[in-house]
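Chemist: Single-letter residue listing:
There are 2 protein chains.
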Amino acid sequence: MRIIIFGGAGFIGKKLALELLNLGEIAIDGSEPKPISELVLFDKFKAEGLPTDDRLVVMNEDICDSAVIEKLLAKHVDVIFHLAAIVSGEAEKNFDLGMQVNLHANLTLLEQCRALGYAPTMVFASSCGVFGGELTDVIEDHTGPTPKSSYGTQKAVVDLLINDYTRRGFIKGRSIRLPTIAIRPGKPNAATSSFISSIIREPLQGKPANCPVSAESKFWILSPKKVVENFIIACELPNEAWKGNWVVNLPGLTTPIADMVEQLEVVGGKEAAELITWEPDEFLQSIVLTWPPELVTTKGIALGFKKDENVGEIIQAFIDEDL
Amino acid sequence: MRIIIFGGAGFIGKKLALELLNLGEIAIDGSEPKPISELVLFDKFKAEGLPTDDRLVVMNEDICDSAVIEKLLAKHVDVIFHLAAIVSGEAEKNFDLGMQVNLHANLTLLEQCRALGYAPTMVFASSCGVFGGELTDVIEDHTGPTPKSSYGTQKAVVDLLINDYTRRGFIKGRSIRLPTIAIRPGKPNAATSSFISSIIREPLQGKPANCPVSAESKFWILSPKKVVENFIIACELPNEAWKGNWVVNLPGLTTPIADMVEQLEVVGGKEAAELITWEPDEFLQSIVLTWPPELVTTKGIALGFKKDENVGEIIQAFIDEDL
Numbered sequence: 013m014r015i016i017i018f019g020g021a022g023f024i025g026k027k028l029a030l031e032l033l034n035l036g037e038i039a040i041d042g043s044e045p046k047p048i049s050e051l052v053l054f055d056k057f058k059a060e061g062l063p064t065d066d067r068l069v070v071m072n073e074d075i076c077d078s079a080v081i082e083k084l085l086a087k088h089v090d091v092i093f094h095l096a097a098i099v100s101g102e103a104e105k106n107f108d109l110g111m112q113v114n115l116h117a118n119l120t121l122l123e124q125c126r127a128l129g130y131a132p133t134m135v136f137a138s139s140c141g142v143f144g145g146e147l148t149d150v151i152e153d154h155t156g157p158t159p160k161s162s163y164g165t166q167k168a169v170v171d172l173l174i175n176d177y178t179r180r181g182f183i184k185g186r187s188i189r190l191p192t193i194a195i196r197p198g199k200p201n202a203a204t205s206s207f208i209s210s211i212i213r214e215p216l217q218g219k220p221a222n223c224p225v226s227a228e229s230k231f232w233i234l235s236p237k238k239v240v241e242n243f244i245i246a247c248e249l250p251n252e253a254w255k256g257n258w259v260v261n262l263p264g265l266t267t268p269i270a271d272m273v274e275q276l277e278v279v280g281g282k283e284a285a286e287l288i289t290w291e292p293d294e295f296l297q298s299i300v301l302t303w304p305p306e307l308v309t310t311k312g313i314a315l316g317f318k319k320d321e322n323v324g325e326i327i328q329a330f331i332d333e334d335l
Numbered sequence: 013m014r015i016i017i018f019g020g021a022g023f024i025g026k027k028l029a030l031e032l033l034n035l036g037e038i039a040i041d042g043s044e045p046k047p048i049s050e051l052v053l054f055d056k057f058k059a060e061g062l063p064t065d066d067r068l069v070v071m072n073e074d075i076c077d078s079a080v081i082e083k084l085l086a087k088h089v090d091v092i093f094h095l096a097a098i099v100s101g102e103a104e105k106n107f108d109l110g111m112q113v114n115l116h117a118n119l120t121l122l123e124q125c126r127a128l129g130y131a132p133t134m135v136f137a138s139s140c141g142v143f144g145g146e147l148t149d150v151i152e153d154h155t156g157p158t159p160k161s162s163y164g165t166q167k168a169v170v171d172l173l174i175n176d177y178t179r180r181g182f183i184k185g186r187s188i189r190l191p192t193i194a195i196r197p198g199k200p201n202a203a204t205s206s207f208i209s210s211i212i213r214e215p216l217q218g219k220p221a222n223c224p225v226s227a228e229s230k231f232w233i234l235s236p237k238k239v240v241e242n243f244i245i246a247c248e249l250p251n252e253a254w255k256g257n258w259v260v261n262l263p264g265l266t267t268p269i270a271d272m273v274e275q276l277e278v279v280g281g282k283e284a285a286e287l288i289t290w291e292p293d294e295f296l297q298s299i300v301l302t303w304p305p306e307l308v309t310t311k312g313i314a315l316g317f318k319k320d321e322n323v324g325e326i327i328q329a330f331i332d333e334d335l
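Residue numbers (the numbering used here), protein chains in the order written: chain A, 13 to 335; chain B, 13 to 335.
Just chain A, same shape as in the assembly (with noise of 0.2 Å):
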């Protein structure tokens, strides 16, 4: 098996390669595993602390330049796993970049694909951030998007793209739509969900962090383990197993901000819980107060996908895993 990992220098893109690596083998489609024979880290960015494999290729070029990805699909590819983005923010704030990166790079992409004539694998990393409304909608699998930010619309052009070049056998898609990932290690990001994790995270570490929104804010979350868990799992379901439709809502957990500070102040004490400060930002408002955090995700969990069980399960995760 030869895979790529399109942005696999984040951290969901490089805990997925060290968890690949590790396995040593994947399914798709619903076969017996095979070796992983070559996993390619694609990024613009270098990742650091990546561990001497044979197996791994690093390329450190630019999703948009049509001629790289050319060349690297020249070798038959089975899976790509595709976590390359402009995130919420910064699509939000620079339009021209984020349609570049997030909408026309994947179109080439996608065409590119089709290209080569024997439909790859390609598990797409959308967001639930596709949704956006009034904050007491409860999502359902059929509900439509209505996408408040440029990100969230550019994702969901690309789930419908993803369903109809699969409907039409030119790819295996799978778009999985990914609920907000707490605790991000590393540092804060231009996701508009950067905050969720560095209130945990940094204070954990002695430092200060900003909460944007008020305590009683609710969002949809997923551990970094559980959301590389079901990446895995969509690569490896079969095609017939999503009834016409390669797009779905994964599971999470329905989680006020109140009940994570509660948890901060079980592992790390008051003190933690009092380097969260509470200024309000308007512009981050905007933005995560119209993502839905009550999702009925009935196919996710038909189709055997992941979630974590409760708020202090992630904080200890974090813990235990990167810290």
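Some clues are possibly wrong.
Taking lysine-lysine pairs in the DSS-like style, the calculated list, with each CA pair at most 27 Å apart, reads [to be verified]:
(1) B:K58 / A:K255
(2) B:K87 / B:K27
(3) A:K255 / B:K105
(4) B:K199 / B:K27
(5) B:K58 / B:K199
(6) B:K319 / B:K230
(7) A:K230 / B:K255
(8) A:K27 / A:K318
(9) B:K58 / B:K219
(10) B:K105 / B:K56
(11) B:K255 / A:K105
(12) B:K282 / B:K199
Only some residues are given here: those of chain A computed to face chain B with a beta carbon under 7 Å [said to hold, decoys possible]:
(13) T155
(14) N257
(15) V278
In case anyone wonders, no lab produced these hints; they're calculated from the structure. Think of the CB as a built atom: it goes at the ideal place given N, C-alpha and C, for glycine as much as any other residue.
Could you slot chain B onto chain A? The hints should help.
Modeler: Chain B alone, transformed into the frame defined by chain A:
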């Protein structure tokens, strides 16, 4: 007011043009109506039977030619009615052509409108063909698109982009999802729904027509007269009335084919109904039988969009207007 109709030589585009010339004025975004000074009929194909009118400018050009579009937009434009498309059957058979016209040309057009800097009004002809699933489903306003055709996919993608460009203030977009339009005058075309008009239109003129689905099959239909009214309503509604979502499923009439044939007998006699042949067509069925015939269009009705009262009225309007 300077108005452009893309797809102006199609039967709806032409009816819309004649209605606008007749009205002589139009409002945009809830403002007072103003006189129409120029009406550009843009189409790859020649429109026949146009009236002589100083306000009318006919352009036979390709919407995929971005240089032509740029020139067209160099002079201030108030309203764009966008009906140009590769129809469902053709977009399914010729994937590249469908993507070119129904997706890429629109991406370019949206960017060219954004570059104008003054947010022209754009009413886009989307389609209830964005839906596709179990025929027992009832489609509501919040139901997500799950197209089972490339045409439906391309329309659903443009819906999303029109919403985002409007939310950001680049255009004042309105995407109206058209039911199957019946009875279409003229000749059968490559739209997979073409037969729904043919089985009435042809027998009324003593000609045979084939119905590729069973008499029990139901469709969501709207007359040409009402769709023209709805294009103008969409243009005139204030931006705020749409409440942050400028896409709407148009009201229509759930109609079994049997009801249409019954009404054909009423006006054309038994000999007219006997001109219908009933040869199934797998390709047509694979698309049209995924279209939901039952929609609850609460939003469309609240916004004031119009529908027909019954099939008899639709057939009578066709006889009066087009025969």
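Chemist: If a hint holds in the structure, say so; if it doesn't, say that too.
Modeler: Structure-based check of all given hints:
1. For the given pair, K58 (chain B) sits about 43 Å from K255 (chain A) by alpha-carbon distance, which is inconsistent with the 27 Å threshold.
2. Only pairs whose Cα atoms come within 27 Å are accepted, and K87 (chain B) paired with K27 (chain B) is accepted, the gap being roughly 25 Å.
3. For the proposed pair K255 (chain A) and K105 (chain B), the alpha carbon gap of about 23 Å is at most 27 Å, so the pair holds.
4. As the CA atoms of K199 (chain B) and K27 (chain B) are separated by approximately 16 Å, the hinted pair is consistent with the 27 Å bound.
5. In summary, the hint linking K58 (chain B) to K199 (chain B) is supported, as the alpha carbons are separated by about 15 Å, within the 27 Å threshold.
6. For the given pair, K319 (chain B) sits about 17 Å from K230 (chain B) by alpha-carbon distance, which is consistent with the 27 Å threshold.
7. Proximity of K230 (chain A) to K255 (chain B) is assessed by CA-CA distance (about 23 Å); at most 27 Å being required, the pair is judged to hold.
8. Straight-line distance between C-alpha atoms of K27 (chain A) and K318 (chain A) comes to about 16 Å, which keeps the hinted pair within the 27 Å bound.
9. Straight-line distance between C-alpha atoms of K58 (chain B) and K219 (chain B) comes to about 26 Å, which keeps the hinted pair within the 27 Å bound.
10. Restraint check for K105 (chain B) and K56 (chain B): satisfied, since their Cα atoms lie roughly 20 Å apart, inside the 27 Å limit.
11. Taking the CA atoms of K255 (chain B) and K105 (chain A), the gap is about 23 Å. The hint holds against a cut of 27 Å.
12. Between the alpha carbons of K282 (chain B) and K199 (chain B) the distance comes to roughly 23 Å, so the proposed pair stays at or under 27 Å and holds.
13. For T155 (chain A), the suggested interface contact is upheld, since its CB lies about 6 Å from the closest CB of chain B, less than 7 Å.
14. Interface hint status for N257 (chain A): upheld, as the beta-carbon distance to the closest one in chain B is roughly 6 Å, under 7 Å.
15. Interface hint status for V278 (chain A): violated, as the beta-carbon distance to the closest one in chain B is roughly 38 Å, over 7 Å.
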